[in-house]
Amino acid sequence: MNFYKKLGEIRPNQLITTYGPGSIMDAVNDSLTVLDIEYWTNDNIGKEIRDARLANYMNVRKFFMPKTGGKEDVPVISFPYYHVCSKGSCKYLFDMRDYFDIEQYKNEQGEVKCPKCGFPAYPSRFITVCEDGHMDDFPWRWWVHHGETSCKEDMYLKSMGNTSSLAELLVECSCGAKRVMSGAMQKDKFSGLNCSGNHPHRPGGKPKICKKDVVPSQRGASNVYFAVTKNAISIPPWTNPINDIMGAQRATIETLVEAMGEEAGLEFAYGKYFADKYSKDEFLEAYERLSKNIKEFTELKEMEYAAITHHEDVEYQHDVKYFKAEEVSLVENLKPYISRVIKIHRLREVRVLTGFTRLEVPEPEIDEQAHVVKLKSGSGEKWLPAVEINGEGVFIELNRNTINSWLQIEKVKERSNKYAQCYASYCDKKGWQNYKIRNAEYVLLHTLSHMLIKEMSMQSGYSSSALHERIYSSENMCGILIYTGAADKEGSLGGLVELGGMNKLIPLLKSALENGLTCTTDPECFMKNPTSDRLNGAACHSCTMISETACENGNRLLDRALVVPVPEHEEMGYFRELVKDLCGIQV
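If you're matching positions, the sequence shown starts at 1013 in my numbering and goes up one per residue.
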């Protein structure tokens, strides 16, 4: 559509995290849903973002940024369809599709007019969703008639009082049926009504039969849309431009290999696309790298961990545009607990939108999740929308030997088993498969990361929502990366990476440990134990929880009792002795 005036504004990063396809966003005069990427054209696509490693894992050919800076950058559709007249004496409730006038909509900057009186109409605030990701209008006729009906008479939504409570909203039908909206947000009031199977972000698509129960909601509710994203830190040797060429020509190379045989096909591809810039060995190494399909998200993290911890190796030093690291010399009293601290002066994160869920927050590291609505890129080359974030960070690796000894402490072992059982039960209830075990080691790393982010936000100048964490926990990994960055910028200001020096990190760690010893909600906080419904121990918003945009796990799996000694759990704190040495506090 060619609009004379813009309907609204949105930043590229918001399209990936908050207002992606399938979400609802408020515009200047209406409420809109962004269309699926199969409806996007070249006019909606910005620059290509290249990350061969992440593309390999996602099984797509390319990533593109949403277009910015022009007009009509993002394809949208009006939703909810039902609108209410703003005139107090009218309050006509109607489906705007029955009266839609494209010319008027363009001229009025997306404003919908009441077909009866001509006054502006506003979108209904009530909708329905289901756990499989479908979304539709509130069933107004079903509601006012207390069930299925063939009535097609006019409806009105009137307010009977001076408050905004549902009990004072009345739906009237010209046939005489009336019903207040009290109870309209209760799921049990809609028993017997199945989901319509509608996806408003795919207009014209045939709704699928869905037998799930509908869940009433308000269009601005936070659980209506959760973006499912995958991200990766760009690392050598994958940042070598030869991988981008290999990725771009992958389909052609595969066709040549299939038609001519591997040896002849690769020889032809090398001569045509690579011989002028790269050696044959570089070409074969890149081909072999791309041929090894990355199947699990954990593999991406293990590659990053290897690049960070081996940053001084030659193979990781050839490209400093996206990755530049510096080792920090540790003081002696930290070495029993922390094995390495690495300043990362330059890093690039690529964040890709793969789909969305409704009602339930997705798990970032589970490869296949139930109830995810995946984006469809149409019949052409497979691609996904993405943004690149350039910034800096600090990497901290804990001492593996000390971790192993700590995990053998009886109380820690019990707590670790409890977390593993609770997390397994939590994932099973959600229908998630192939999840990774979460034990005390992961919870320790995650909680330490949050405690440091809280302190770093005080000293670096960045808000806690501007910082991000990446937890590296497995048999081969035991570290955390705290980083910041901004989309559409070359990098950040260096305030965070400076905190990696010993002169800044020791006071920072001291403050974090001291603040973790107590909480304003104690003793309630330190007495909490993890359950399958609440995957946290001694953790709350007063002590360890941070902005959910900064946390990679939705503020789950946190427990300061595993970091510092707290009452009734003194022996579980990993940094128990360091608290005594560094803070001068005996617990």
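Hints may be right or wrong, so weigh each one.
To be verified - Label pairs and their in silico Cβ distance ranges:
id	residue 1	residue 2	range
1	S1098	P1219	46 to 56 angstroms
2	E1300	E1560	50 to 60 angstroms
3	R1073	E1487	54 to 64 angstroms
4	N1305	S1171	21 to 31 angstroms
5	N1429	L1178	27 to 37 angstroms
6	E1422	S1486	20 to 30 angstroms
7	T1029	S1437	23 to 33 angstroms
8	S1098	G1443	19 to 29 angstroms
9	S1437	E1274	26 to 36 angstroms
10	G1473	P1579	27 to 37 angstroms
11	E1300	M1197	28 to 38 angstroms
Just so you know, these hints were derived from the structure itself, not from any lab.
Quick reminder that beta carbons are idealized off the backbone N, C-alpha and C, glycines included.
Do the hints match the structure? See the list:
{"no.": "1", "hint": "S1098 with P1219: 46 to 56 angstroms", "in the structure": "violated (30 angstroms)"}
{"no.": "2", "hint": "E1300 with E1560: 50 to 60 angstroms", "in the structure": "violated (39 angstroms)"}
{"no.": "3", "hint": "R1073 with E1487: 54 to 64 angstroms", "in the structure": "violated (33 angstroms)"}
{"no.": "4", "hint": "N1305 with S1171: 21 to 31 angstroms", "in the structure": "violated (58 angstroms)"}
{"no.": "5", "hint": "N1429 with L1178: 27 to 37 angstroms", "in the structure": "violated (46 angstroms)"}
{"no.": "6", "hint": "E1422 with S1486: 20 to 30 angstroms", "in the structure": "holds (24 angstroms)"}
{"no.": "7", "hint": "T1029 with S1437: 23 to 33 angstroms", "in the structure": "holds (29 angstroms)"}
{"no.": "8", "hint": "S1098 with G1443: 19 to 29 angstroms", "in the structure": "violated (43 angstroms)"}
{"no.": "9", "hint": "S1437 with E1274: 26 to 36 angstroms", "in the structure": "violated (47 angstroms)"}
{"no.": "10", "hint": "G1473 with P1579: 27 to 37 angstroms", "in the structure": "holds (35 angstroms)"}
{"no.": "11", "hint": "E1300 with M1197: 28 to 38 angstroms", "in the structure": "violated (56 angstroms)"}
The structure does not agree with the numbered hints 1, 2, 3, 4, 5, 8, 9, 11 stated previously, though it agrees with the rest.
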